[in-house]
Structure formats: structure tokens, C-alpha cells
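Engineer: Okay, here's what each chain looks like letter by letter:
Protein chains: 2
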Amino acid sequence: MKVTVIGLGLIGGSMAITLRKEGVATELFGVDRNEANAAKAVELQIVDKILPENEALSKSDFVIVSIPVNATAALLPSVLDAVSDHTVVIDVGSTKNLISKAMTNHPKRMQFVASHPIAGTEYSGPTAAFHGLFEGKTNIVCEREKSSERALATALKVFDALKLNTIYMEPQEHDKHVAYISHLSHVSSFLLGQTVLDIEKDEKNIFDLAGSGFASTVRLAKSSPDMWAPIFEQNAEYLGQALTEYIMHLQKFQYLLMKKDSQAIHKIMTQANDIKRVLKN
Amino acid sequence: MKVTVIGLGLIGGSMAITLRKEGVATELFGVDRNEANAAKAVELQIVDKILPENEALSKSDFVIVSIPVNATAALLPSVLDAVSDHTVVIDVGSTKNLISKAMTNHPKRMQFVASHPIAGTEYSGPTAAFHGLFEGKTNIVCEREKSSERALATALKVFDALKLNTIYMEPQEHDKHVAYISHLSHVSSFLLGQTVLDIEKDEKNIFDLAGSGFASTVRLAKSSPDMWAPIFEQNAEYLGQALTEYIMHLQKFQYLLMKKDSQAIHKIMTQANDIKRVLKN
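Heads up: the protein sequence lines correspond to chains A and B, in order.
Residue numbers for the first sequence, in this note's numbering: 1 to 281.
Residue numbers for the second sequence, in this note's numbering: 1 to 281.
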């Protein structure tokens with residue numbers, strides 16, 4: 001089928017690469033307001049050609065909206081307006097509540113499948129895209145009952161080709177869960193990076209001491225602010241809750257540290273070791 | 001030369017493996033109060049035999065003390081007491097101030113080289129040990145002027161065989177730097193793990209959503225509490241400072257989140273992106 005990718009970054013680009021490889025996409029159109037990214041995506045043969053948005057939409061059987069979540073919420077209604085009656089549209093946003101609300105009363109709501117493939121790296125843009133990004137990863141579809149059976153079946157064909165494991169969840173539940181399991185990790189990493197960059201102003205060469213542990217915890221601080229600022233804004237309520245709990249735990253730890261209560265600190269760490277249960281490696 | 005390793009864990013075990021491979025250690029004696037670890041280290045041929053501490057020390061040219069930092073500070077004086085006059089002793093502790101103080105007035109202080117190879121994984125024990133752990137990593141030697149030229153030269157021969165890059169630093173400076181660049185990462189990771197494990201009690205299956213970003217930031221929460229509780233205790237002052245700054249940044253972020261000031265949040269993330277400069281991958 002003919003596929004349009006709006007937003008030729010890591011996620012949209014990687015989807016395009018795999019959908020072509022798997023024979024699901026026979027023709028790929030790209031839409032990107034960043035001209036350099038658009039040209040790069042053609043050069044890398046991620047898409048066949050760049051088209052004006054409305055032309056691409058009217059010609060496509062399947063549309064992937066893979067742009068920052070604020071832009072997704074703003075653009076989706078007009079995307080649905082522009083597609084033909086058989087076209088299926090998905091988004092890939094890391095927040096779902098606001099996007100779902102923006103689509104609730106759209107006359108073509110049933111042609112839309114709200115989705116969130118939980119995959120990514122700290123890199124962005126078409127050069128970061130690669131085949132296999134989604135393999136074995138979890139994909140969350142929200143409000144499945146608002147999509148038509150045909151739209152859902154088409155979307156699942158795409159998700160299966162990407163080797164995603166699709167599960168279903170309500171938007172609020174989704175946003176709460178990802179606040180803890182993804183968004184909080186990004187905040188902790190950005191601010192850990194900030195803390196150490198700050199101290200570097202006084203302590204030269206401090207990064208000579210950085211080991212692999214530091215690299216691992218701070219890796220996400222390389223992520224794109226353009227992508228993440230809107231996610232944090234849209235998920236401010238749940239992320240705020242998660243942050244409150246995290247800060248509370250840090251303050252408790254600091255109090256125990258001041259009291260030199262190593263036994264209590266040991267106990268907290270032993271409990272946190274339970275994370276082994278949920279991490280594969 | 002004949003080498004004794006006190007503490008047959010990840011660090012001591014990995015040193016033994018490489019020193020044998022490089023021909024630096026011709027005979028390796030192990031000392032470990034954990035009998036299972038001791039037996040495992042012999043089984044894995046990490047050391048040739050387990051000996052009582054004093055026997056091992058009296059027979060050795062080189063001694064590696066690789067046990068938790070509280071035990072290191074307590075044990076080092078008696079280790080120096082027991083070795084012959086030509087024997088060189090190193091420790092590998094992640095804090096240096098207290099250990100240095102414990103050794104200041106020891107009559108054999110010049111036979112001791114205080115060191116901290118910044119290497120490790122989240123795993124522990126002799127089964128976690130491997131050749132190559134130290135390759136290209138930074139090693140910090142403190143108070144080099146308190147070691148004899150001969151002791152320093154012998155230790156450097158060992159560090160070079162391990163392919164460590166050795167630099168020199170005062171104990172206070174060392175402890176401050178590692179508080180920010182290593183210890184804080186571990187605290188942030190342990191408490192991120194705790195936060196998400198806590199919420200799991202209410203939100204079942206939340207870990208189905210965990211992606212590689214979460215895994216990366218929380219990896220260090222698998223680390224050994226026996227090793228880390230004494231490090232945090234010994235470095236409570238500097239770690240407390242680092243934690244204070246980190247918490248301050250998190251609270252500022254939370255305030256901006258509540259204000260929906262995405263522009264300010266974007267700016268913080270853009271600044272944190274500067275971490276790319278110091279991370280190789």
C-alpha cells in the first residue's frame with residue numbers, strides 16, 4: 001500500500017525503512033517542514049519522494065504522523081480531513097490523553113488508530129533511523145473501540161510487520177504509566193547531566209572520571225528537547241506526581257545520609273535491587 | 001611476582017585474571033571471608049589457592065585489597081603490619097579520604113599506594129569478573145608523595161598491565177569529583193528504581209512498558225548494597241552536596257512543569273544536551 005510519513009525523524013524514518021523491507025509499503029511519500037531532513041530522507045531512500053502534505057495524504061492508504069506531540073494534536077484533525085475514506089491514520093506520540101481528546105468528535109475518528117510504540121534512542125532525525133528499531137518492543141493502542149475494525153486490522157498489519165507487540169490501554173492509564181516508566185527517566189537523566197555540567201564550571205576535568213555507570217544514567221540527556229518539551233508539557237500532571245515521589249525518595253535518602261544511617265540506606269538499596277526482576281539484561 | 005587478592009569479587013577477580021594473563025602474577029593467592037566466593041574463585045582459576053590471610057600476606061610481593069571501603073579502612077593497617085618490607089599493597093576503594101587518613105601514620109605507609117580504578121559493572125562476585133574490565137579506564141592514585149618511588153613503580157607496572165590510565169589527585173578532590181560523577185548516578189538510579197517499584201504496587205504490569213531508556217537509567221539499581229552503603233557513608237558530605245544540587249534542579253524543573261513554562265524547560269534540556277561533548281557514545 002501507499003504510505004505517507006509526516007515527520008521523517010527516528011521513529012517515522014525507521015517505520016518507513018522496515019515497512020518497505022517487509023513489502024508492506026509499496027510506495028513511500030514523505031512530508032517534513034524541515035527541508036534538510038526531507039532531502040536527507042530521500043537521499044537515504046527512506047521515502048521515494050517528498051510531496052506537499054495534501055497531495056501526499058490524498059494519494060495514501062496509510063499515514064504515519066510522527067512529529068512532536070504538540071504538533072500531532074494540532075495537525076491530526078486536518079490530516080483526517082484531507083485523507084480519503086479508506087485511508088488509515090496512526091500517530092506515534094508518547095502522550096495519549098490530549099491527542100485522544102483532540103480527535104474525539106472528528107467525523108473520521110474511526111479511521112484513526114492512536115498508538116505509541118515504545119522504542120527510540122537518544123538520537124534523532126532521518127540519519128538516526130534504522131531497520132529493527134521496533135522489533136520486540138511494546139506498542140500501546142488507546143481507545144481501540146473508537147477505531148473501525150478495518151482501520152484497526154490495517155494498523156495491526158503494520159505493527160506486526162514492525163514486529164511490535166501491541167497491547168491496549170486507556171489514554172489516562174497510558175499517560176500515567178509512561179510518566180513513571182519513561183518520562184521520569186528522561187527528567188532524571190537531563191537533570192543529572194545538568195548537575196554535573198554545573199559543577200564542571202568549578203571542577204575542571206571532572207569528566208575524566210566518568211565511568212560507564214555515569215554514561216548509562218545520563219545517556220537520555222542527549223535526547224531532543226524539541227521532542228521532549230511538548231511531551232513533558234502534555235503529561236505535566238502525571239509527570240509531576242512521579243517527580244514528587246522521586247524527589248521525596250531522594251530527600252529521605254539524603255536525610256538518612258546525614259544521619260549516617262547506613263543500615264536504612266542498605267535496606268533501600270536491597271529493595272531497589274528488585275529491579276533485576278524486570279530488567280532483562 | 002606473587003600476588004594476593006583480598007576480596008575475590010568483580011574488581012579483585014578481574015585484576016587477578018588479567019595479571020595472570022599478562023604474566024605479571026606468577027602465583028595468585030586468594031583471601032575471602034565468604035567461603036562460597038573463595039571456592040568459586042579457585043574453581044574458575046582466578047587464583048591458585050586460598051590461604052589464611054597472614055600466610056598469604058607474608059608470602060606475597062603484591063597485595064590487592066578489594067573489599068568494601070569500610071572494611072578496607074579497618075583492615076589496611078593490619079595488612080601492612082603483616083607484609084614483608086618489600087611488599088607493595090594497593091586498595092581499589094571508591095572513596096579515598098577516610099582510607100588515606102587511616103594510613104597516615106602507619107610506619108609502612110610508603111609501601112602502600114592508594115588507588116581507585118574507575119571501572120565496574122552492576123554485577124558482583126567472582127563470577128562477574130572478566131579480563132579487560134580495566135582496559136582504557138581511568139585510575140586515580142592519591143597522595144603519591146606518601147608512597148615510595150619503588151612502591152609507586154611496582155603499582156604502575158600493575159596498572160599498566162591492566163591497561164589503566166593512571167592520574168593523580170588529592171583524596172578530598174577525588175572524593176568530591178566521584179560524588180558527582182559516580183556516586184550521584186548510583187543514588188539517582190537506586191531511587192528511580194524504588195519510585196517505579198513503589199508505583200507498581202498500584203499499577204500492575206507497569207513494567208510491560210519499560211523501554212531501553214528506562215533500562216539504561218535504572219541499570220545501576222542492580223548494584224551491590226554491601227559495596228555501596230559504605231561508600232555513601234564515607235562520602236556523605238560531598239554526596240550530600242551533590243544530592244542537594246540535584247534535588248534543587250529537580251524541584252526547579254517541577255516548578256516550571258507546573259507553570260507550563262515549556263520554553264524554560266526546553267532551554268534546560270538544550271543545555272543538558274552539552275553532555276554529548278563528554279560522552280563518547
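Quick caveat, the hints were computed from the structure, so don't treat them as lab data.
Please note: incorrect hints may appear among the correct ones.
Identical chains share a label here; the pair holds if one copy fits it or two copies do between them.
[To be verified] Here are the simulated DMTMM-like pairs of lysine to aspartate or glutamate, each with C-alpha atoms no more than 25 Å apart in a straight line: (1) K101 / E22; (2) K252 / D198; (3) K21 / D226; (4) K260 / E245; (5) K252 / E237; (6) K204 / E135; (7) K157 / E27; (8) K163 / D261; (9) K2 / E53; (10) K49 / E22; (11) K259 / E245; (12) K2 / E35.
Keep in mind the model is a prediction, meaning the values are calculated, not measured.
Engineer: A separate judgement is required for each hint: does it hold in the structure or not?
Structural biologist: To see whether the hints hold, each was checked on the structure:
1. K101 / E22: neither (33 Å within a copy, 65 Å between copies)
2. K252 / D198: Both ways: K252 and D198 sit 24 Å apart in one copy and 15 Å across, limit 25 Å.
3. K21 / D226: Neither: 29 Å inside a copy, 49 Å across copies.
4. K260 / E245: both (22 Å within a copy, 19 Å between copies)
5. K252 / E237: both (23 Å within a copy, 16 Å between copies)
6. K204 / E135: between (42 Å within a copy, 24 Å between copies)
7. K157 / E27: within (16 Å within a copy, 62 Å between copies)
8. K163 / D261: neither (48 Å within a copy, 37 Å between copies)
9. K2 / E53: Result: close within a single copy only, 14 Å intra versus 73 Å inter.
10. K49 / E22: within (19 Å within a copy, 57 Å between copies)
11. K259 / E245: both (21 Å within a copy, 19 Å between copies)
12. K2 / E35: Intra 22 Å, inter 66 Å, cutoff 25 Å: intra-copy only.
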